[in-house]
Every structure is written in structure tokens, then in C-alpha cells.
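A.B. asks: Protein chains in written order, with this note's numbering: chain A, 1 to 359; chain B, 1 to 370.
Honestly, the hints are just simulated from the structure, not real lab data. Computed from a predicted model, the values in this text were never measured in an experiment. Ideal placement from N, C-alpha and C gives every residue a C-beta, glycine not left out. Possibly wrong hints are sitting among the right ones.
Lysine-lysine pairs mimicking DSS-like chemistry, simulated, CA-CA at most 30 Å apart [claimed, not checked]:
hint	chain 1	residue 1	chain 2	residue 2
1	A	281	B	25
2	A	216	A	281
3	B	4	A	92
4	A	271	B	106
Chain B residues, not near chain A, derived (Cβ > 12 Å throughout) [what the hints assert, rightly or not]:
hint	residue
5	46
6	109
7	152
8	248
9	283
Now the stretches of chain A that chain B is said to cover, found in silico as 3 or more residues with beta-carbon under 8 Å [what the hints assert, rightly or not]:
hint	region
10	30-40
11	226-234
One letter stands for each residue in the lines below.
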Amino acid sequence: MATVPLNVDSLIGAALAPILGVAAFWFLQLIFIEIQKRMLLSLHHRHEAFCRFTNYIGILFQTICQALGYTVTRSGIASFQVTVNYGEVQPKKEKTGVLDWIARSFLLFGPFFIPAGFVLLASCFIIGKGFVFQTPVHYTFVESLTGFVANLSTFANEFVSFLINIDLFNPIHVGFFFVLLFFGFGIRPSYIGEERKEKIDILHDLMLIKDHLVKKPLYIIAIVFIIYVFFLLSLFLNPMVYVGFFSIVGWMSLTAIMVLLLTYPVLLLIKSTDEIRTHWKIIPFITLVVSYVIARVLFIYYPIKQDESISLLIMILSTALITIILIKYKRTNRFKTASKMKHTRNADGKKRTSKKRAD
Amino acid sequence: MVKKELLKNEQIERVLSPHPLSFMKLQALCIFLIIWGIVVWWLTNSSEYASMFSGNMWYRLILWGLVLLFIGVVASLVAIQWLIFFLYLGVFAGGLSLIFSQHWEKDIALFIPLYSIAVSIVGFLIVELYRRSHKYIITDFRVIFKGGIFTKRERTIRYDKIADIDAKQGILGQIFGFGTIIPVSQSGFGLGSDKTMAAGGIEVGAKKVGLFGFAGGGKELQTPIARSYYELHGVYPYKDVKQLVENLVQTHVPTQYQKEQVEFEKQQVDIQKQMRDLLHKQISEKPRKKAVKQTTEEEPDEEEREEEKTSTEKNPVPEDAYQPEQVDIQQQMKELLKKQKTARVIQPDEDTEDEIEEEDESEQERKEST
């Protein structure tokens, strides 16, 4: 059993540090989600099918979280329905009190963490490194926070280095990359569409969570008490457990942020190609694949170090360059309107034409 | 081309064809072929397990073929369609025969992915050709379904013969806005059944006398199912097309109110026919002068008959001036008029109410005059 100095920093500060860290990363995650929402909204008019697809994934995860909530609280699942526009889970038994509150917590918090948890699980198998827990030496706020951040930075380093060195000739890596994109578009517990525009705001999500927490302050006190008991137990037995638990939650947020970041270039590419004329807009997508294949094949015959990451760099740069050139020289008609323009007519009712009359 | 096939006064509402992604089940077979071909290439050349396959070049072929056939069996069982298994068997057999005939044994590693991609491209083209062979014509009378690459199939269903409409939209359909609509006819065309069977056998004894036990169970579910050329398969935009078909069916199927209307009109026509017969009878028994005049004229129109009827009603001849048969006819006519009136009272339309009032007034006038 470790000896613990009896002061405020050790007994309260050390307990608060990882919680604050998780909260900070979660808020960061919310901001990244909000950016993605805005980007998707700007694409909505031209890419309705794509937005419906992202909605579907988001709703699917949200519904899964709700179902998990009912399963954990032993309410049972009477019906489970997911469509592009809505998801619905009906419990077998309507629970009240703390069980109902827990089930609702799953619905509100689950979509931020549970899909990211799945990605984290997959990355355990694919990346396999970076899941390290550092034990704090001293029991202070700063030490605890440093330990938490160190855990996260080790994981982030490994994750980013995997992404930089990803081998797109490896089917497992390609599969994992698509899983990341799939989850990246789904870590967004909101609907993108014109009809419910007011509900896709970050404030709306936060308001819902605030209402949920404020409604039952006693439960919050109970949760804080349980966490503190957990802290005290781990403090005297093994301090790594407490920081480690919050580090896992932090990894989830970090994973969510990284997969969200990964979706931004995809959305940017889609948005950029909208500026290009109809048949030319496919060229950047072809460039994306062809440039990588050419680079990789070239490096098979002329081997260099870091060939995978250089190939990735070539792919990104060539796609960006081609897109910019096409936007400059093959830009779509700017005067094109969403609705058909009516024929303008002269005062006498005849159609106005650009041809000059002979007289 | 389409217009030639239309009936008289028939108008086209919509000409549709399946969405490019509506045959994803078939396209998925090709996608799997490509993915598996590439995975085998990677597994046997670049992965950490490559050394396992370096000993014998046939190992790659065995791995490729076994997994292909296994997936074929599983997919066939799930989809209850043995065509998938035979398709993959054909692909495998084709690959084998190409290797032996062209002596490409040394290049199996490269052959598998290239062959998979080539076969898949052909597969995609066939699926696309099949998709394009479909055409659905929605007119204001009926729905015409056409399809088939070599054997052209066609089905026509009139809206009044549609008993039920089954509509379904998968995940891809929801995302891309297409769906399938199956019009089930009154004869049950468009309904199929899903059968599941569980069976097992055991043989006890080896040489002469063997005991064979067999246990099985079956379940049959009737479900709307049809070939893609007998249904509106993967039509876009799904919601609009569904609405259109439902509206057209609704307009062609008589509702309860319409049935009552038809019944009422039939009654009216019967009464009028009887009245006409009675009038004819009455006229034929009138003094000769009028009868002669009547025969020289052409067959009177209904309007003229009505006028004549009202004139006879307005200026009735005293009963004692006619024969007793005439009195009978008049009584029968009165009864018919009453019947007609009561029938009209049941249908309280504004027009009919006005007519009833007019008739009441005319009857009162007639009574006063008598």
C-alpha cells in the first residue's frame, strides 16, 4: 500500500485532474463535430444522398446507444428500427428513477463515446501499440494531469504515425481506413437536413445534456461520490487504475477527434469538385487513386525509405494540384441556379433573345 | 416505340427503369470477387504469411478456390439461390481451365487478381445490361413491365385488378431514394413463398441392413415476391412513383360510395325503362289519330319522351274517358313515380332534391287541375 500525503492537492486535486482532462477533450470533440456538421450542411443541397448516408450512420449509432442503455438497465428491447430519417427503440418494460436516467444518459452521451470505443477496439488489433498507462509518481493535481496527458500523447503519436505510414496496398489497412471514415461520419449525434436545422447546433446538444443533468442533482452527487470512492481506493491500492480509467475515456475522445479530422479532407474534396464542370469533376478522384498506385509502383523499382508516407504525400499533393487547376480552368457555370430560370419576355410578350434583329 | 403499344385514349404517366444501384445484390458478387482476388494476392505475396505459400504455387489456387466456393455455398443458403454457388464454381473452373490451357502455372500469383478483376468487369457489364433491359411504363390505364436480355418478358396489370401494393426500400434505397413496388393482382400474382427446411440423416449399420433416419421440418411464409421484370424494381424517385401508383389504383377501384351510386343509377334506369314501356302501351291504346302520328314519327328521343310524359302528367285526361287498361297503366305509373321519388329521397343530393321539389309542385298543380 502506498503512503499518501494528507493535503488538499493529493486528496482532491489529483482526483479532479483526469476528470478535467476528459471534459476538455470532450469539449474539443464537440467543436470538431460542430465543424463537420457545418461542412455537411454546406454540401447538403448538392449531395443529398451523401448527407442521407451520414445521417443514417449517425442515427444507427445513436439507436445502438439507446438500445445499449435499455439493455444495461434491463428494460429489454421491444422494437428496434433505424431508417435514414429516424431511429426508434422501444423498451419492453418502462423503467423509472435511476434506471430511466441511466438509459437516457446512454442516449445522450453514448454517441460521443461508444462509436469511438469501437474504433479504439479495432485500433488495438490493427495498430497494437500506444496503449500505455504511466503511473504518477507523486499524488498531486499536476502529476495526475501529466500522467493523463502522457497516456494520451503516447496513443496519439502511435495513431498518427500509423496514419502517416498507412499502406494502401495492404487490404487490412485499407479496410481499417474505411472503418475510420465510416465511424468518422457517424460520430455526430444529429440529423443533417433543412427541416430540423435548429436541432443540429452544438448548443442544442449541450442544452439537452444540461437539462438531463440538472433534472436529477442527487444522481450527480451520487456519481461524484462513487468516483471519489474509486479514486481513494485506487490511490491506496494502485493509482494507475484511476488515471488509466479516465485515460481510456480520453482515448475515445481523441480517437473521435482524429477520425473527424480524417473526414475533413474528404468533405473538402467533395466540396471542391462541386466547383468543377460535370464530367471533369471525376478527375480529382481518379488522380487520388492513380497517383498513389504510380508512386507505389515506382518505389518498388526504385526503393527508398518511407515509401508509403511519400506515396501518400504525392497522392495528396497531386490531387490538390489537379483540383486547383481544374477549378481554375474548368470551373462550372457560376450563373447556374438551383431552380430553372424563366424565359424573360419583352413588354410585348415576345421572348427576349440575344440575336439582333435584321431591321 | 412506346406510343405504338398504347391503347386508344391511353396516356403515359411515367416511363421508368431501375436505379443503377438497385441490383446491388448481383453487383456485390462481383465486388467480392475483386476484393478476394486482391486479398489472395496480398496474402500470398506481401503479407507476413507469404512464406507459407512460397513452397507450392498450387496453395494459392486452392486457397482462392476453397474460400470462393465456401462463400458461394453460404451466400446461396442465405439467399436461397443456388445460382450464386454455381456462378462462383464457374468462375473457379474457368480460372483453372485458363491456367492449364495457357500454361500460366508459374504466374498464378498475378493471374488470380487479374482474372478476378476481368471476370468482375464482365459481371458488372452483364448486370448493367440486365438493368437496362427493364422498362416500366405507367399509363393512366395500366402498368406495363418489360425485361429480359434474351427472352423478353412482359406483364401488364390494370389498376382495377390490383388487389394490394407491396413496397419496400432497403438502406441503399433510403439513401439514394429508390425502392421496389410490387403490385399484387387479385389472382395472387406477385405473391411468393419463402421456404425453410431443416433436415438430418444418420445411417446405422454398414453392410446389408442399414438404418437411415431422417428428421425434417418445414415452414412456409407467403410474401410479396416477384422477378424484377414483374415488379417496379428499384424505381426512382420511390416516394413519387408510389404515390402515383396508389392514386391511380384509387381512381380505378370503385369505393363504397361509388358502388351505392352505381346501384342507385341502375334502379333509376330500371324505373325509367318500365315507365317508357308503360307510355308506349298507353300511346298504343289511345285514339287512332294520335297513334298514327306517333308511328309516322321516328323513334323519339329521351328528351321528347320526357316532355311527352310531363305534358300527359300536366294535362291528364279524365279517367272515365279511357278504357280500364288505361287506368291500370296510370296507376302503375303512379307507383313507379312514387318508387322513383323514394329512391331519390335516400340519395339527398342537391340536384335530386331540387328535382323532387319540382315534381312535387307539378303533382300539386296536376291535382289542382283535376
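A.B. asks: Of the hints given before, which are not true for this structure?
C.D. replies: 2, 3, 4, 5, 10 and 11
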